[in-house]
Amino acid sequence: MHLIADIQGLRAICIFAVLIFHTSQRWLPSGYLGVDAFFGISGFVITGLIIDQHRSGRFSLRQFYIARAARLLPSLMVTVALTVVGFFFLYGFNDFRPLSRSALAAATSTSNILFWLEAGYFDEISKYKPLLHTWSLGVEEQFYLIWPLCLIFILKLGRSAFGITALFTLLGLTAAIITSAADADAVFFLTPFRLHQFGFGAIFAMLGRSRQVFLGDGLLKLVIIGAGLLLCAMSLASFQSALSQVAAQSAASLTAAVGCWAAGVIHARGSRSLIGGRLAVFFGDRSYAIYLAHWPVIIAFMTLIDEPTKFERLCMLVLSVAAGLVLSAAVERPFRLNGKQDPARNQKVAISLGSALAAVAVAGVALLVPQSGWLKPGETAVDAQAIASELTAALQTVCRVPITAQTRASDVEACFSSTKKNVLVIGDSKAAAIALALKRYPEIHVTELSLSGCPPYFGADENLLSWQFDNLQPCRILSGRPWAQVGELILNLRGLRGVVLAGNTNAQEFSARHLVENVAWLQGRSFVSAIVDNTPLWVTSVIRLHDAHRIVANDLRSFMDLHHYPYQRDRASVIQQESAWRGVHTVGALDALCGASCPAYTGNRIMYFDKVHLTAAGASALGRSGAFDRFVNNVLGGQPAYTMK
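Residue numbers (full-length UniProt numbering): 1 to 645.
Since the hints were made in silico from the structure, they are not lab data. Fair warning: there could be bad hints in the mix.
As the list claims (entries may be wrong) - Derived pair list, reagent style EDC-like, types lysine to aspartate or glutamate, alpha-carbon separation capped at 16 Å: (1) 156 / 52; (2) 439 / 629; (3) 420 / 383.
When you get a sec, could you build the whole thing from the sequences and use the hints?
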């Protein structure tokens, strides 16, 4: 299949949508849909290529795979190798270790599986995965491996081929919709839940070859332009819930497939639309190389600059494109196969396979470096995995009850002590550190009831509840109003002496009124109640700051997130004022951890695991600070609380 100008133009729209989204999500909230549109385009192009060659008797699986390897492998492998080498000098021990794993996964086309097993695409830590973008290449390469075999078999069924392809596409879409509620990450990363997007392209490739089109060129050009504009419009929208994301991603693939179909028809007639202009075709031809190069460049910027300005982000965008153009000129285009008669064919194939082996070797060596415990000169070992293991071990001393749709009062009561005063810590992921801090008081027994990723809210603001369900996937595991149900459970507990509410109130969706409602819910209960304000929020991971030798005099104040700090102080003040007259204790975690200075270490142990969460050492330091003394005194009936040192 010859390159079609309008399809290359659609590719240009897609790549710039992705680039702008990755440069700043605020600029284009759903620019990631460009990747989904690429899937639709790939399904159309590959299916059309196979059908045309099959009909002429020229199709060969061997030649297909060789051509794909020569097209994809050299640029990918050069990107993997250069990323590993470059970030060896930028990253410390804790960041380089996951990079080495992802390099090996990218070189073997399995990075989508690795990233599914690790964190999600949109979470904070994804910001430090220079090869995260290769997940989509893993999906695409797995599709290229499977689809030709399936399509050749389907084509042998004659007229049934279209119906079978449509049926499989529908089944794939149904599977993605059903699974999205239970495992949105699997639907995002794994190939089986993406096949319907390629299927849309395949359907329209078949349609364009089996049906005569009577529409005029003018109308078809409008279809192509409309597809491009619709992709731009969808990129400007915001799709937060798992189901709406599946719908948007499918719509982007379908839109691109329709645009490709119209482009193919007018191309056969010797025409093209405005989207097929020279500049658009130029960038569309190089979209693969630009996609490969852009994310490592952006991550390098983000590693060196904590909070880039708009101008710096614009520089990131320009340099990303420039790096992609260099990669295309130096690697991608020279190694493309120009048909079976390409005089340098054998040499190109050999170099393509050699680059793959070299990249796997580089990734393998990179994987061994952190495993060996080797450190760069001047680097001191703070092992994030060891810290996580220490935190996990410490939390095993706390009876923890996860909030699910099946959680009952009896589940919590089973954790209670018959000899000590029972204190229940309620919250999201921050509750764990608070529970550990309270373990410093041996006279009380601590139980944790938490739903990680879902800040507690006991008010009745339907707009906030809607935000929780739409934007925070963990909140969706319970129907209706999750924290209202938890509240009813708590009020029915027997043997409960104290309750501590600990959750993330950094989110700007939490207004002062919402915090007041939380305090009001605690007022006048039969148990002693307390509410914890937020722990400090830093501009980046404290472990990352340690690895980069940026912490001076054990003080993190210069790394305070100034964007959120006013909200933190304002909300801490609201909590204190409301709690004072409602008879609810306030635990000033922000002041306890960040007074005259903001220590990063207690002794020689680091206090923060990431930007906000405390390590086991940090939780112990908070417990020793005395911030919980008044609350524990009241839980004990006025007796002085003894704090273990």
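Going through the hints against the structure:
Only pairs whose Cα atoms come within 16 Å are accepted, and residue 156 paired with residue 52 is accepted, the gap being roughly 14 Å. Annotation: proposed proximity of residue 439 to residue 629 holds, straight-line Cα distance about 12 Å (limit 16 Å). Distance check on the hinted pair: residue 420 and residue 383 sit about 36 Å apart at the alpha-carbon level, beyond 16 Å; violated.
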